[in-house]
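Visitor: So the protein lines, in turn, are chains H and W. The opening residue of the first sequence carries number 3 in my numbering; numbering runs sequentially from there. The opening residue of the second sequence carries number 1115 in my numbering; numbering runs sequentially from there.
Quick caveat, the hints were computed from the structure, so don't treat them as lab data. Hints may be right or wrong, so weigh each one.
Stretch-level coverage of chain W by chain H, calculated; a stretch enters the list once three of its residues show a Cβ under 8 Å from a Cβ in chain H [claimed, not checked]: (1) 1137–1149; (2) 1152–1159; (3) 1205–1211.
Computed beta-carbon distance windows for the label pairs [unchecked claim]: (4) H:120 x W:1210: 39 to 49 Å; (5) H:37 x W:1210: 47 to 57 Å; (6) W:1128 x H:37: 48 to 58 Å.
We put the beta carbon where it would ideally sit given N, CA and C, even for glycine.
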Amino acid sequence: MSMHKSGLGLMEPVALIGHNVAIHYGKELHLRRVTYMEAIPPFQAINVGAMVLQSVSIRTLIPNLGMLDNEFGQFRWWPLDPIQVRLFIPNSQAKHVLRNIMVPMDPTVIDRDPCLHLTEFYVWQDNQPSVEVINYSDYALTQTRIMAMGFRFHVDKLPPDLEKKISEGQEPVTQVWCSGNQ
Amino acid sequence: MVTALRKGIRRAGPVTTLGAAGIANAAAIYQVSNFAQQVGTKTVRLKKIMARPAGGVADTINIGTGVGMGVFAALIPAINLVGGMDAEWQEFDLPEVESNADITCYGTAVAAHFVQLEVEEVG
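Bound-form chain W, shown alone (with noise of 0.2 Å):
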């Protein structure tokens, strides 16, 4: 019960087709609520990652927030995205990290990655 307290809605983004590779080329993967009319600060946790490399070749992704250099701010460090392989990290995986900006995504050397997350909206 006191743990279910903080306790948020867990939500899926969007299959997101990353664009060309790069830190200025950063697309959103989930785009946090800020509606005018909502009630409270709306902020979400990273839960589970799927990711599969464009044309099966081996790069690393970049998840964080903001687009280009020095603005995009890492929420976890680089992860891998192993070859021709589907990518997912589950909960137990993941650093607790809360973001209250709209999470970004690049692939570092490869265009067109595939990438959805769930998170979980804390608010």
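In isolation and in its complexed conformation, chain H is listed as follows (with noise of 0.2 Å):
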């Protein structure tokens, strides 16, 4: 999650046009303004494809949440299917990492989470992410699909007083933090 305040109900922009963000990715830091946002309506970002029973799929990488150049996405998830998922940005950062267990998404996030709050990670750029698909039940699927939605971002470079200001704390900023276990 970036270290803002996920507001209540439906899904909402981390940021609007005008607004200074400082992404995060890995150890890069980039201070940008976003200079355009649109929505991504909810789509099929991947079907990972027939798996056999009690099964775990290779770590697979979601082209189709690679961002732009200068953009970043935000977005929440879900699984179609009965499936376990294991979340990784980029593909060697696992997200959603306790001390000792990486906590999978599974369906069931949609009746107890159901604005996907939970759900909800950044994509600098081309550093898309990846997934593992566990099929943990004792039966074959024929299909493995995930879906998302969110908000894509257009950002500019800052001019470097503005850099300072933000980095003296004289100007606001809201943090995306755009890769996995930070």
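These two chains come separately, so use the hints to put the complex back together.
Guide: The structure is reproduced here in structure tokens:
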């Protein structure tokens, strides 16, 4: 999650046009300003495919969640099929990590958190996430689909003086964390 | 919302043709998920039953867990299959039984009934 308070109710953009954002990706920090944004309606981000019973897929990149240069994405997501899904952003960095376990997502999140706040993640440029799908059941699956929705943000660089003001806490900024276990 | 926190995933078991009649021949009609790499322990709750008597011959079917005398444990009372009729029990007909083992079924006197379950998988 980013360092902002997730609003109650349905999904809202993390920032609006004209807002400053601090985009964190691994150890990188990019101070930018949002110059354009648009909604990304719910869509099928990936179908990892058929899986035999009691199996784990290889870690699979989701190209459909990649962004253009100077853009970041804010996504919420849910599995459509009876699977558990582990999320990685990027491929080597686990998301939703506790001390002893990496917590997967399953379709019950739709009932337990209908607005999917707990699923939110961010993608910086083409550093898209990967998933591992667990077909935990004693039955094979013919498809393993993941749905996603959210917002796309185009950002421009800030003038150095504004970056300095943000660093000194004199200008507001929204923190956006675009990688896994930070 | 509060009740949704205990809500599971609805799944249908395979259409199963039971084997020979009798408790020693109880067949799995829904196999509970127990994959070593899953997160959490899964149980299933019985939500719907569809059954058709083999050859249109009336019988009772027994739904529970385990196979064999002294091992099979009924989840619900034996239910009647009326000869020549489709049988369907919906969620509101069924007690809220929950199982952490494979669900098995056998016909009391007649072989090869057709049975399918819908369950809610919790966990």
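Visitor: Against this structure, judge whether each hint is valid.
Guide: The hints, checked one at a time:
1. Under a criterion of three residues with beta carbons nearer than 8 Å to beta carbons of chain H, the stated coverage of the region 1137–1149 of chain W is upheld, 5 such residues being counted.
2. Here the region 1152–1159 of chain W counts 3 residues with a CB under 8 Å from a CB of chain H, which clears the bar of 3, and the coverage holds.
3. Coverage of the region 1205–1211 of chain W by chain H is violated in this model, with 0 residues showing a Cβ closer than 8 Å to a Cβ of that chain against a need of three.
4. Between residue 120 of chain H and residue 1210 of chain W the beta carbons are some 28 Å apart, a value that contradicts the proposed interval 39 to 49 Å.
5. Our hint of 47 to 57 Å for residue 37 of chain H and residue 1210 of chain W holds, since their Cβ atoms are close to 55 Å apart.
6. Separation of residue 1128 of chain W from residue 37 of chain H is about 54 Å and conforms to the stated range, judged on CB atoms against 48 to 58 Å.
The structure fails to meet hints 3 and 4 from the earlier list, while all remaining hints are met.
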